[in-house]
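Q: As they're listed, the protein sequences go chains A and B.
Using my numbering, the first residue of the first sequence is number 1, and each one after it goes up by one.
Using my numbering, the first residue of the second sequence is number 1, and each one after it goes up by one.
You may find that some hints are simply not true.
Derived Cβ-Cβ restraints for the label pairs, each shown as a range [said to hold, decoys possible]:
#: 1; chain 1: A; residue 1: L249; chain 2: B; residue 2: G229; range: 32 to 42 Å
#: 2; chain 1: B; residue 1: D144; chain 2: A; residue 2: S243; range: 47 to 57 Å
#: 3; chain 1: A; residue 1: R248; chain 2: B; residue 2: G243; range: 20 to 30 Å
Some residues of chain B that are not near chain A, with every Cβ distance over 10 Å (derived) [as the list claims (entries may be wrong)]:
#: 4; residue: V10
#: 5; residue: V78
#: 6; residue: A79
#: 7; residue: Q87
#: 8; residue: R104
#: 9; residue: G148
#: 10; residue: A155
#: 11; residue: P178
#: 12; residue: D186
#: 13; residue: E236
#: 14; residue: F242
One-sided excerpt, in silico: chain A residues whose CB lies under 10 Å from chain B [unchecked claim]:
#: 15; residue: A150
#: 16; residue: P153
#: 17; residue: P222
#: 18; residue: R244
The set of hints was computed from the structure by calculation and includes no laboratory data.
These numbers come from a predicted model, not from an experiment.
Here a beta-carbon is modelled for each residue, glycine too, at the ideal position from N, C-alpha and C.
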Amino acid sequence: MRTVSRWTGVAVVLALFLWSAWETELSLSRMVEGLPFMADFLQRMFPPDFSVLGNAGRGALQTLQIAVVGTAVAAVAALPLGFLAARNVAPAWLFYGVRSLLNALRAIDTLVYALFFVAAVGLGPFPGVLAVVAYTTMILAKLYSEAIEAIDPGPVEAATAAGATRLQVLRFGVVPQLLPLFISFTLYRFETNIRAAAILGFVGAGGIGFYIQTYLRMLNYPAASTVLLILIALVMAVDFTSSRIRQRLI
Amino acid sequence: MIEVRGLTKVYPPSTVALRDVSLKIPDGQFVTVIGPSGAGKSSLLRCVNGLVAPTAGEILIDGESLTAARGEARRRLVARIGFVFQQFNLIKRLSVLDNVLVGRLSHVPELRSLVGSFPRRDRVLADAVLARVGLAELAHRRADTLSGGQQQRVAIARALVQEPRTILADEPMASLDPALSRTVMDLLRRINEEDGITVITTLHVMDLALEYGQRVIGLRDGRVVYDGGAAGVTDEIVDAIFGGGAG
């Protein structure tokens, strides 16, 4: 019985793969034919044109700023939602409502939110910030709520048994358990948001993506490669710093 | 004085933990509560300090009803009782001293405590109590770096800085190895003798209960089946508590 169901599973996955490969026109020969063009593309990017370093730097800085403001606002906005989406805090009707809403809204990615906000408030970094806030709030609320559900009730009982007030119980029984986790989640999302914010410029929502797209459209590959190098440096620097801090927290 | 009147506790849907239990525990006694697991020992202790709400009956602390008290008045009654948990219930990543200071929460100004600041006299008291339980050097270590026996002493220190009239200890040595259980029981006895604090502790080991308890309360199926001196606990009574040789 087990072996039968296992082979059925393998067959289903294989069939799904073949069908999708066919529909997406997966083709080794077409890829091989494309190789010279890829090589040509990369060749034209070299050497990078460092005269656009100023633009690249400004774009990178704006991407960083979008990620900082967007993540910070989301980290705070997610707090009430996180508690409302926690099974051990919110009443069932509220918990299910908030959970479902979070799941639905989380299905939409930052870039899609950016299209929406560009249409609503116009071009520039501001719709980018709004897009980062929208997506990050949903995902942090989910992460917060899971941390809240996994809380150790022991310290809460201990503070209650010591005659602490409700606020004191929260401050001494709950916050010390959650704070390092919340900060860690927020830093992790900040790392991800740098990458997300880097492509927001493609849809007119500010940051370094604007320059990547502009130079590629102008077929100015040496300039585009400078911008890409700056982006890689930014992402690596943020990842390194943030993961160092996260390691110390837990 | 702790008084329990007609205490019944039912956990929904139909688990009866305590059935009409009545007890009077005068100040300064050392009481051990003994019984098989599921006899209602923990529920009794947790009802006495209000962590669990009784289904029926009343708890009186120095003549005041805990069951009827609300808000500030209730917290003041609760603060008169220190509680020592089987699993210590420390905040793992905070220092030993910060954990002990949790016991002072009912004594300090609320707003000030919320920013993590404690008056000097409270910190001095916490240091003194840590010295008393033999942990002065470890005050600034993270709680989870301590051994189980040390963590339980931190928890006892947390109960002591509350300056309670009574300490309830729920299987205080069940998470420790046997050699350490004596240290914890000796510490509780010293607190009882030197400070005159009433100690009520549940135990599942009969010989410890008889050795330390001036008064032994035997529980079975949520009922008191023995209440008296350790000397009066005969084989028949052990049998009545733990039942049919199964214990």
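Q: It remains to establish, for every hint, whether it holds in the given structure.
A: Consistency of the hints with the structure:
Between L249/A and G229/B the Cβ separation comes to about 54 Å, which falls outside the hinted range of 32 to 42 Å. Against the hinted window of 47 to 57 Å, the Cβ-Cβ separation of D144/B and S243/A comes to about 23 Å, which falls outside the hint. In this structure the supplied range 20 to 30 Å is violated for R248/A paired with G243/B, their Cβ-Cβ distance being about 54 Å. The beta carbon of V10/B is kept farther than 10 Å from every beta carbon of chain A, the shortest such distance being approximately 21 Å.
Under the 10 Å C-beta cut-off, the non-interface status given to V78/B relative to chain A is violated; the minimum distance is some 4 Å. With a cut of 10 Å on Cβ distances, A79/B falls inside the contact zone with chain A, its closest approach being about 3 Å. With a minimum CB-CB distance of about 6 Å to chain A, Q87/B fails to clear the 10 Å threshold, and the non-interface call is violated. A beta-carbon of chain A is positioned within 10 Å of the beta-carbon of R104/B; the least distance is around 8 Å.
In this structure G148/B is separated from chain A by more than 10 Å, as the shortest Cβ-Cβ distance comes to about 14 Å. Taking the minimum C-beta to C-beta distance to chain A, about 8 Å, the non-interface status of A155/B is violated against the 10 Å cut. Its beta-carbon lying about 23 Å from the closest one in chain A, P178/B satisfies the requirement of being farther than 10 Å from that chain. Consistency note on D186/B: stated as away from chain A, and its beta-carbon is indeed over 10 Å from all of that chain's, at 23 Å minimum.
Interface exclusion of E236/B from chain A stands, the closest Cβ pair being 36 Å apart, more than 10 Å. With a closest Cβ-Cβ approach of about 28 Å to chain A, F242/B is found to remain outside the 10 Å limit, as its non-interface label requires. Given the 10 Å rule on beta carbons, the hint for A150/A is violated: about 13 Å separates it from the nearest Cβ of chain B. Proximity of P153/A to chain B holds as hinted, the smallest CB-CB distance being about 8 Å (cut-off 10 Å).
The restraint placing P222/A at the interface with chain B is violated, with a minimum CB-CB distance near 51 Å, outside the 10 Å limit. With its C-beta approaching chain B no nearer than about 19 Å, R244/A sits outside the 10 Å limit, and its interface hint is violated.
When each numbered hint is compared with the structure, violations occur for hints 1, 2, 3, 5, 6, 7, 8, 10, 15, 17 and 18.
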